[in-house]
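Chain by chain, the residues:
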Amino acid sequence: SQQFSALTEVLFSFLMEPKEVERFLTQLSDFATMNKLSLGPLKNIVKSILLVPSGALKRNLSSEQVRADFIALGLSEEKASYFAEQWKVNSPTLTRLAVDQTLMINQLIDMEWKFGVTAGSSELEKVGSIFLQLKLVIKKGSQMENVYVELTLPQFYSFLHEMERVKTSLESFS
Amino acid sequence: QLVSALHNLTRHVVYRGLTRAEDILSLFPENFHQNLKNLLTKIILENISAWRNEAQASQISLPRLVDLDWRVDIKTSSDSISRMAVPTCLLQLQIQEDVALCGNSPVVSALTVELSKETLDTMLEGLGRIRDQLSAVANK
Chain G
10 SQQFSALTEV LFSFLMEPKE VERFLTQLSD FATMNKLSLG PLKNIVKSIL
60 LVPSGALKRN LSSEQVRADF IALGLSEEKA SYFAEQWKVN SPTLTRLAVD
110 QTLMINQLID MEWKFGVTAG SSELEKVGSI FLQLKLVIKK GSQMENVYVE
160 LTLPQFYSFL HEMERVKTSL ESFS
Chain W
233 QLVSALHNLT RHVVYRGLTR AEDILSLFPE NFHQNLKNLL TKIILENISA
283 WRNEAQASQI SLPRLVDLDW RVDIKTSSDS ISRMAVPTCL LQLQIQEDVA
333 LCGNSPVVSA LTVELSKETL DTMLEGLGRI RDQLSAVANK
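Protein sequence lines correspond, in order, to chains G and W. Numbering-wise (my numbering), the first sequence opens with residue 10 and increments by one. Numbering-wise (my numbering), the second sequence opens with residue 233 and increments by one.
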């Protein structure tokens, strides 16, 4: 059962950071060597085990249900309870990860700004008007796109005011 | 030729930002008809600020914000998780391309952007800093 908890640890550390594939595979092969298991069958077992938490996330299962699922799959009660416990501890983070993966339309990634003072133009020799120039970095599908937009000062104050209203609205729904 | 000369005169006055009658009067040649000169100066002075504003409005610029709309949605479900209640903001910016290039038929495009609460908070921090910088400049 120590074996099992070590394996569970490896599994959860992968679930928490799904991008660390290299690390996960290394840890798995270390585990296999240490416990004199062959890597191939271990990988298959791990694949099946991993299906349970990802299905659980999709269906918002409670830790009780996760435990029941594992028992139904043939795992001993002790091991199933242990895994379900780990699940309970980690599920807020895992849920967060799943939510973050949810589709976003033209997600705003970054915003840069600068003030421009128009000093003169071909029509007017001396001007002296202030503009706010915004650069918005937007994720369209898998690519980033930069959008440049200029605002007058009154527009800026209006924008700020509207964004504060959005914040109030978002907070009231959290 | 007359129209062209008049056009040049008004453009020059607007460009230089002349606001006093004497400055405008001094532009006319010596033997110019007195009454006509005064009349033209008077008309020009009346229109000066409107012309300046228009020149400023039509100068080259980055695309300009024309309008802003927003909406708050609650995301309830997705392919990665079947139940959630995550508020999110959709912001629609109406942007007009460089006015000087469009002439009389402005090209306005709408861009819809999504912001999570975290992104909005960061953005508000940035906007707050802009406001502080503006007040600092205004108070000098």
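No wet-lab data here; the hints were simulated from the structure. Where hints are given, some of them may not hold.
With a cut-off of at most 25 Å between alpha-carbon atoms, the simulated BS3-like pairs for lysine-lysine come out as follows [to be verified]: (1) G:Lys-144 / G:Lys-176; (2) W:Lys-307 / G:Lys-176; (3) G:Lys-144 / W:Lys-269; (4) G:Lys-45 / G:Lys-88; (5) G:Lys-52 / G:Lys-88; (6) G:Lys-28 / G:Lys-97; (7) W:Lys-349 / G:Lys-28; (8) W:Lys-274 / G:Lys-149; (9) G:Lys-56 / G:Lys-67; (10) G:Lys-176 / G:Lys-123; (11) W:Lys-349 / G:Lys-176; (12) W:Lys-349 / G:Lys-67; (13) W:Lys-349 / G:Lys-123; (14) G:Lys-67 / W:Lys-307; (15) G:Lys-123 / G:Lys-97; (16) G:Lys-97 / W:Lys-307; (17) G:Lys-28 / G:Lys-148; (18) W:Lys-349 / G:Lys-148; (19) W:Lys-269 / G:Lys-149; (20) G:Lys-56 / G:Lys-45; (21) G:Lys-67 / G:Lys-97; (22) G:Lys-123 / G:Lys-148; (23) G:Lys-67 / G:Lys-88; (24) G:Lys-97 / G:Lys-56; (25) G:Lys-149 / G:Lys-176; (26) W:Lys-307 / G:Lys-148; (27) G:Lys-149 / G:Lys-28.
Stretch-level coverage of chain G by chain W, calculated; a stretch enters the list once three of its residues show a Cβ under 8 Å from a Cβ in chain W [what the hints assert, rightly or not]: (28) 73-87; (29) 106-119; (30) 164-173; (31) 176-183.
Idealized CB from N, CA, C, for every residue including glycine.
Unsatisfied constraints (hint numbers, rising)
3, 8, 15, 19 and 28
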